[in-house]
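Listed in order, the protein sequences are those of chains F and B.
Heads up: the first sequence begins at 1 in my numbering, then just goes up one per residue.
Heads up: the second sequence begins at 505 in my numbering, then just goes up one per residue.
A few of these clues could be false.
Under the rule of at most 27 Å between Cα atoms (straight-line distance), these lysine-lysine pairs were calculated in the BS3-like manner [as the list claims (entries may be wrong)]:
(1) F:K370 x B:K698
(2) B:K631 x F:K315
(3) F:K370 x F:K396
(4) B:K722 x F:K382
(5) F:K370 x F:K399
(6) F:K399 x B:K698
Hints in this document: simulated from the structure, not taken from any laboratory.
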Amino acid sequence: MADQALDGAASRPLLSLRNVNMTFGGVKALKNVSFEVLPGEVHCLAGENGSGKSTLIKVITGVYRPEAGAVIDYDGQSYSHMSPVTAQAGGIQVIWQDLALFPEMTVAENIAFQTVIARWPRLVNYAEMRRVATNALQRLGVTLDVDLALHHFPIAQRQIVAIARALVGQAKLVFMDEPTASLTQSETDYLLDIVRNLSASGVAVVFVSHRLAEVLEISSRVTVLRDGALVGVYPTKGLTQSRITELMTGKTFGYSALHRDLGTSPVMLEVKGLSRPGEFQDVSLTVRRGETLGITGLLGAGRTELALTLFGMRKPKSGSVVLDGNPVRFGSNRDAIAAGVAYLSEDRLSLGLIQPQAIADNMVVASLDKILSRGFISSDRKRSLVNRWIRDLGVKIGKQDDAISTLSGGNQQRVAIAKWLATDPKLLILDAPTVGVDVGARAGIFDIVSKLADSGLAIILISDEVPEVYFNADRVLHMAQGRIVGEYAPCATTLQAIEEAVYA
Amino acid sequence: MTVLIDRARNALGPELAGPLAAFAVVMVVFGIAAPNFLSRATFGSVAFQLPELGLLTLAMLLPILTGGLNLAITFTANMAGLTLAWVLQSQGGVDAGIGAFVLGSVLAVAVGALSGLIMGLVIAYTKAHPILVSLSMMIFLRGLGEFLTRGGDVSGIPGFLARIGYSSIFGIPVPLLIFIASVLIWHILLTRMKLGFNTYMIGSNIEATRYSGINTRKVQVLVYTLSGAMCAVAGIIMLARFNSVRVGHGESYLLITVLACFLGGVNPFGGFGRVIPVFVALVVLQLLSSGLNLMGANQHLATAVWGILMITVMILRWLAGRLKFLNTNRG
Chain F
1 MADQALDGAA SRPLLSLRNV NMTFGGVKAL KNVSFEVLPG EVHCLAGENG
51 SGKSTLIKVI TGVYRPEAGA VIDYDGQSYS HMSPVTAQAG GIQVIWQDLA
101 LFPEMTVAEN IAFQTVIARW PRLVNYAEMR RVATNALQRL GVTLDVDLAL
151 HHFPIAQRQI VAIARALVGQ AKLVFMDEPT ASLTQSETDY LLDIVRNLSA
201 SGVAVVFVSH RLAEVLEISS RVTVLRDGAL VGVYPTKGLT QSRITELMTG
251 KTFGYSALHR DLGTSPVMLE VKGLSRPGEF QDVSLTVRRG ETLGITGLLG
301 AGRTELALTL FGMRKPKSGS VVLDGNPVRF GSNRDAIAAG VAYLSEDRLS
351 LGLIQPQAIA DNMVVASLDK ILSRGFISSD RKRSLVNRWI RDLGVKIGKQ
401 DDAISTLSGG NQQRVAIAKW LATDPKLLIL DAPTVGVDVG ARAGIFDIVS
451 KLADSGLAII LISDEVPEVY FNADRVLHMA QGRIVGEYAP CATTLQAIEE
501 AVYA
Chain B
505 MTVLIDRARN ALGPELAGPL AAFAVVMVVF GIAAPNFLSR ATFGSVAFQL
555 PELGLLTLAM LLPILTGGLN LAITFTANMA GLTLAWVLQS QGGVDAGIGA
605 FVLGSVLAVA VGALSGLIMG LVIAYTKAHP ILVSLSMMIF LRGLGEFLTR
655 GGDVSGIPGF LARIGYSSIF GIPVPLLIFI ASVLIWHILL TRMKLGFNTY
705 MIGSNIEATR YSGINTRKVQ VLVYTLSGAM CAVAGIIMLA RFNSVRVGHG
755 ESYLLITVLA CFLGGVNPFG GFGRVIPVFV ALVVLQLLSS GLNLMGANQH
805 LATAVWGILM ITVMILRWLA GRLKFLNTNR G
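Here chain F stands alone, though its shape is the one from the complex:
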């Protein structure tokens, strides 16, 4: 590969893989991949879902056995394949996204149970556990109450506990799978500091993340995979987010702020002084027909609560909402849907879609009245409605009756959008529409959003990723602690200015 480069001193790699091939049921999951990690470096593994990142990690940790011909050099030894036992004994640790911790047990128990209980006489020695746990936390430069049950701690600190547990296992190489996916910005900064400490103490870290900003911030080198093949290894210096996206997807995306002229477009939604104590205070905003209003802010800023109130699922304490010229007061989300409000939930897995049910059923669930004929569900009408939306939104499916869970995140989100478009909304609220959607598929989602706005729909786009609202909204509201604290026009502001305000 042309971009292959070693950073700094040419130290011998801790881990080096060559000729790794894996096939699952006729599909090549890894094609002749090589991969290298230096001792003590922070290395990022980038790629879309399905690009082979997890498969590669599982080959390295001995869960999968690669096809013959693979060479794995680790810590001075050469293997044709790893086993979970050799990987563990050699100090390779993985911190999966779900952390695999025990919420009801104490910090000390979580960190030390493997090492303390695994040894003869297999008895619990609490003093030993506490000592082991405190030592591990000290190495990370963290103090936590080790006697407190884990569920008392926020997710960021649980992450630390998972890292500490890996350290107790005498880790030399730690894989972190999407460690910041559920963290706020300040928690992420905290975690990145920990990762730096870890790397400084000589442990190599392989970082898997969708968030390219932190990839650039933390790692010294980036390995990019696409469709199971190695794209290249790049020094982080000189890389940009858009360059990594290009490498991951093989496509070029031209990003620029929107310049739509909406001056004369009629107002679709006007909210004045809307409040729900403890959630949001005195929120006023307007959205015009054909306009996309972005709302950003940290988790817990009251964004979702505001959206649910506009959708009729929560009742405001005070304030007024005018939709398309009519004052509205919703008793439930059924009233809101009837009035033309649609809400795409941030939690697609458990609230946005009915996962085990069929694609077609998920698409019509919110608009059943449209497929009735003389009071009965018409399967022909259902089929043609579903076909229309699949075509219009470019959803890739096998059969209409397949379970929705068989689709990729991006296609699921398209189905969820179609479900709401089928209700003929006037106002579409999109709450974190790209969570769990690949970088490449995100662009497709925003193409749809932009076309919907052009067709005259009023859209509220909620996201905690500032670039998302910056590039896809006509105006951006910044929400913090339940209040709207800033308004920006992306075409007249820089992305950095908004990011600084939000993450300050």
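With chain F fixed as given, assemble chain B onto it according to the hints.
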């Protein structure tokens, strides 16, 4: 042609394969083992025994599809039967006319529906678990019924009612006609009506269904009300067949109805399952016990064989799932 086959397959669902296979096995095995199995008498006895268990199974099916359960079905049926019996008694007992029967039946269905309505309201609004709510209703109805009847039989039923219970139209027993009509109504409800559609959705994920703008409380209340009304129909048939009502009659059917649903491919956690496969499963169970009866086996042994059949079906389903898994893995 293939379109027609596809349509038929879609209408009936893949759940039908298991019950139909079981049906074939039972027919072949007993056809060989018991020479007089394939006779009018066998089918006559099945036709008369099927409706009671069948109607109660239909009453159980809807709550299971929502991810719940209705443990009060048998006592709701008893309560409805008692209601009809008391109306008939007050209108002259054995001399009561058709008018009294109609009035009594309407009241009986109302009593059944009321029992379901109360359960539905409690489940929908308090979010208490359906098992606990219906268990409470079951105990309440049993206690109330035993108190009101002093634990004895209520009889004195006009003769025409018994004749309805044993008469046939075009060679088909009236109770069986009522059962088949109920199966068809349930089938249409679940495949063609909004309530049925929403029943499946609620069974898979009630919160996501609520977020989609479905009135999930209304669906739950209606499901349990319909379940209660169907119990009442079963109660009326039981009264016609036995000429009397006793609280506790049919109690042993309770868990059999749950098993019949699962044998018919209904997902025990809700969201999936169809009426027709459940109907076939019921026929298989009834044929099995009639066949064993014919061979001179004890009635209790027949029940034991039902249990073995269920376990076999679970294991076969697991095996079928594994085979499918292996095949897709090989690609």
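Item to check | Violations among the numbered hints | outcome: none
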